[in-house]
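Trainee: Okay, here's what each chain looks like letter by letter:
4 protein chains.
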Amino acid sequence: MLFQHSKDRLVAISDGVFAVVLTIMVLDIKIPTGALSPAATHTLLQEIFTYLISFAVVAQYWQYHQELFGPGIQVPSSLYILNMDYLSLLCLLPFVTGWLKNSQTSRYAALAFAVVIALVDLCQLLMFKLIIRANLRPDQSLANHDHEEYRSAKVMVVISGLYLLVSLTYPHLLLLVIFAGLIFRAGTTWLLRRMTATA
Amino acid sequence: MLFQHSKDRLVAISDGVFAVVLTIMVLDIKIPTGALSPAATHTLLQEIFTYLISFAVVAQYWQYHQELFGPGIQVPSSLYILNMDYLSLLCLLPFVTGWLKNSQTSRYAALAFAVVIALVDLCQLLMFKLIIRANLRPDQSLANHDHEEYRSAKVMVVISGLYLLVSLTYPHLLLLVIFAGLIFRAGTTWLLRRMTATA
Amino acid sequence: MLFQHSKDRLVAISDGVFAVVLTIMVLDIKIPTGALSPAATHTLLQEIFTYLISFAVVAQYWQYHQELFGPGIQVPSSLYILNMDYLSLLCLLPFVTGWLKNSQTSRYAALAFAVVIALVDLCQLLMFKLIIRANLRPDQSLANHDHEEYRSAKVMVVISGLYLLVSLTYPHLLLLVIFAGLIFRAGTTWLLRRMTATA
Amino acid sequence: MLFQHSKDRLVAISDGVFAVVLTIMVLDIKIPTGALSPAATHTLLQEIFTYLISFAVVAQYWQYHQELFGPGIQVPSSLYILNMDYLSLLCLLPFVTGWLKNSQTSRYAALAFAVVIALVDLCQLLMFKLIIRANLRPDQSLANHDHEEYRSAKVMVVISGLYLLVSLTYPHLLLLVIFAGLIFRAGTTWLLRRMTATA
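Residue numbers (numbering that gives the first Met the number 0), protein chains in the order written: chain B, 0 to 198; chain Z, 0 to 198; chain W, 0 to 198; chain U, 0 to 198.
Everything labelled a hint here was simulated from the structure, so no lab data went into it.
If you're wondering where the values come from, they're calculated on a predicted model, not measured in any experiment.
A hint or two may mislead.
Some chain W residues near chain U, calculated using beta-carbon distances under 10 angstroms [stated by the list, open to error]:
#: 1; residue: Met0
#: 2; residue: Phe2
#: 3; residue: Leu9
#: 4; residue: Ile12
#: 5; residue: Ser13
#: 6; residue: Gly15
#: 7; residue: Val16
#: 8; residue: Ile23
#: 9; residue: Leu26
#: 10; residue: Tyr79
#: 11; residue: Asp84
#: 12; residue: Leu86
#: 13; residue: Leu91
#: 14; residue: Pro93
#: 15; residue: Trp98
#: 16; residue: Asn101
Here a beta-carbon is modelled for each residue, glycine too, at the ideal position from N, C-alpha and C.
With the hints as extra help, turn the sequences into a complete structure.
Mentor: Structure representation (structure tokens):
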């Protein structure tokens, strides 16, 4: 058989798309013209804050993607399609971020943001499921770390449901809630690892 | 001989171009301003639909490209030029997609889209031909899977002829026809694989 | 020693820059609005022609870069800086192409284009020199193919001098001359290889 | 354990981000329209100068990054997060460069530029620290070259403090000072290597 799937290239195209998505989000920060009035400063800081949060959101997805297709993992052929679906949704993040930033109080923008996050999270969970099924031998059980990552992918789907609720009720708080979520998750992970390390 | 072609780099530049093409197409979705009137919602949904279809079109090309230059394939030196021709046409897809989206009823835009698709498909078929000729030993015949992929590349050229016809007669239906084509092809592949698996 | 240069990464960053440069040039093609008048058609065709030529110019540089840092080549540490200088000039190509396209009759735009081409060619020749010096053992002489590539790099510097002359005298013909040059070089290479193959 | 960090991908995403950052900075050079008046020429040269300096700044960061994660280096898992923080700050460089260019005399723009440089430098120093700690065996001491690189990372933090001072006092000189700094550092390195080589 000449034509075979190449895991290296699945990883390469994904990293390429991640890199462009991460970088083009900075183009959304408008360069201030003239003196920095208090209002202009407020807008600028809000734009930088939005950029940093959306960067963190995409960076977090990359962290999981990078482990999901890590060294030693066998990638089943269905993942080649599913990963593209995942990337097509991920590429929508700069768009919904830009929309959210331009109209922080709009329910539609917040809803669009939350829907895209929810779809990416679902896609990610499905990829976890298929990769685990393809790589775990029947007599094997998930290692602690793998279990933790899988659970994280599930928690992210639940949290994205929460984002949907927030976007429908307090749309202007969505970014703050996502920010709090990132801090909370980072803190919990750090604490759990510290506890495991000392245990 | 110091200077030799590097297949790794042919693959790297191709994945880089694919990644940028996939990602910049999202920049074409205009961020809605103000409240979402029914008309604005319609435009937005149409833009997202166009984005998803063109993403799927490029992703499909990547799937074939990835197998075409997969592990174990010897790349003849003529392919180094031909692959660049292929990429130069592929890069035109964001442009023709943007044009088609802005003037869904224009025959010119639909024709330009169909012509670019047809040229990319022809280039792809030629690459299949040259790669197979360079990698198949005289006493060897194509494996089932390879045969299937090669036939797909031929079918895509035929279908692009159909797109040309549609663009000349019902230009406003082109995207829907392409969408139907993608669904049809995905369904057929899935069915054939299922039948082969149970056979 | 912990910290060492990584040839893999020199190649990766170069391919990344090449991929973005190749792709963003298509963003310069303006999407036609409304019906295609003869004048609009002319502008559009001119833009596509300019895009294809500048793509071919950059693709040609990539062909040489790819062989220059091919498998088995030892990269001296000075090349890590020089390659970045080369890339910084290469990145100017979308800018000078855009300028040239917007003012096809302007001597300044043509001159800027020719100067950038000349600088990239000089940089390329210097890289060839340093790579050959670092990789050729004293008792070794260049293989035929290597000699041919090295000579090509020299010829490109000479041709860029010609472009400078054209830009100062017939600026509106520059793109056509570059197009003719590409065709001429491709034809000569093809002929030479054919003659060598039959000899 | 199925899911493991992949150093290859940390390097790939970083090179991808570096490549896009390097390339999109050229989009900031505005294409001159009409004849080149002395004022327009001045603006154009200033824009090209700004582009070349910011390219050199980012290229310098890449040089260190490339050695920092070079072949043979073990990457501790905390670096996967820290590297993303580093990249998120690095991506701000096109924005602050654009701002600085548009308002060369503005204290705010110069301050923003200097703050981003200082943060990237701090991040870089921290990465050096953690990588050295994770890779140096207790009985080992840093090789001369490693020591030199580590000291450079420290010097860059000190210099970024100087940039902060300049941005507060003579904001319009910031780019020139950075340019002088690049030349000075390049000259010193060259001199030191020459002296070491002849010693």
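Trainee: Determine for every hint whether it applies to the structure shown.
Mentor: Evaluated hints:
Taking 10 angstroms as the C-beta contact cut-off toward chain U, the hint placing Met0(W) at the interface holds, the least distance being around 4 angstroms. Contact between Phe2(W) and chain U, as hinted, is supported at the beta carbon level, the nearest pair being about 4 angstroms apart and thus within 10 angstroms. The criterion of a C-beta within 10 angstroms of any C-beta in chain U is met by Leu9(W), whose closest approach is roughly 7 angstroms, and the hint holds. Residue-level restraint check for Ile12(W) holds (minimum Cβ-Cβ distance to chain U is 5 angstroms; threshold 10 angstroms).
Given the 10 angstroms rule on beta carbons, the hint for Ser13(W) holds: about 8 angstroms separates it from the nearest Cβ of chain U. With 10 angstroms as the threshold, the beta carbon of Gly15(W) comes within range of chain U, its nearest partner Cβ sitting at about 3 angstroms, so the hint holds. Annotation: Val16(W) was flagged as interfacial toward chain U, and the flag holds, the nearest CB pair being 5 angstroms apart, inside 10 angstroms. Given hint, Ile23(W) at the interface with chain U, holds; its Cβ is 7 angstroms from that chain's nearest Cβ, closer than 10 angstroms.
At about 9 angstroms, the closest approach between the beta carbon of Leu26(W) and any beta carbon in chain U falls short of 10 angstroms, and the interface hint on this residue holds. This hint holds: Tyr79(W) has a C-beta 6 angstroms from the nearest C-beta of chain U, less than the 10 angstroms allowed. Evaluation of the Asp84(W) hint against chain U yields a held restraint, the C-beta minimum of about 9 angstroms falling below 10 angstroms. Annotation: interface hint on Leu86(W) holds; nearest CB of chain U at approximately 7 angstroms, less than 10 angstroms.
Restraint check, Leu91(W) versus chain U: the minimum CB separation of about 6 angstroms is within 10 angstroms; hint holds. A cut of 10 angstroms between beta carbons decides the hint on Pro93(W): the least distance to chain U is about 6 angstroms, and the hint holds. Given the 10 angstroms rule on beta carbons, the hint for Trp98(W) holds: about 5 angstroms separates it from the nearest Cβ of chain U. Taken as an interface hint, Asn101(W) checks out: its beta carbon lies about 6 angstroms from the nearest beta carbon of chain U, inside 10 angstroms.
Of the numbered hints stated above, none is contradicted by the structure.
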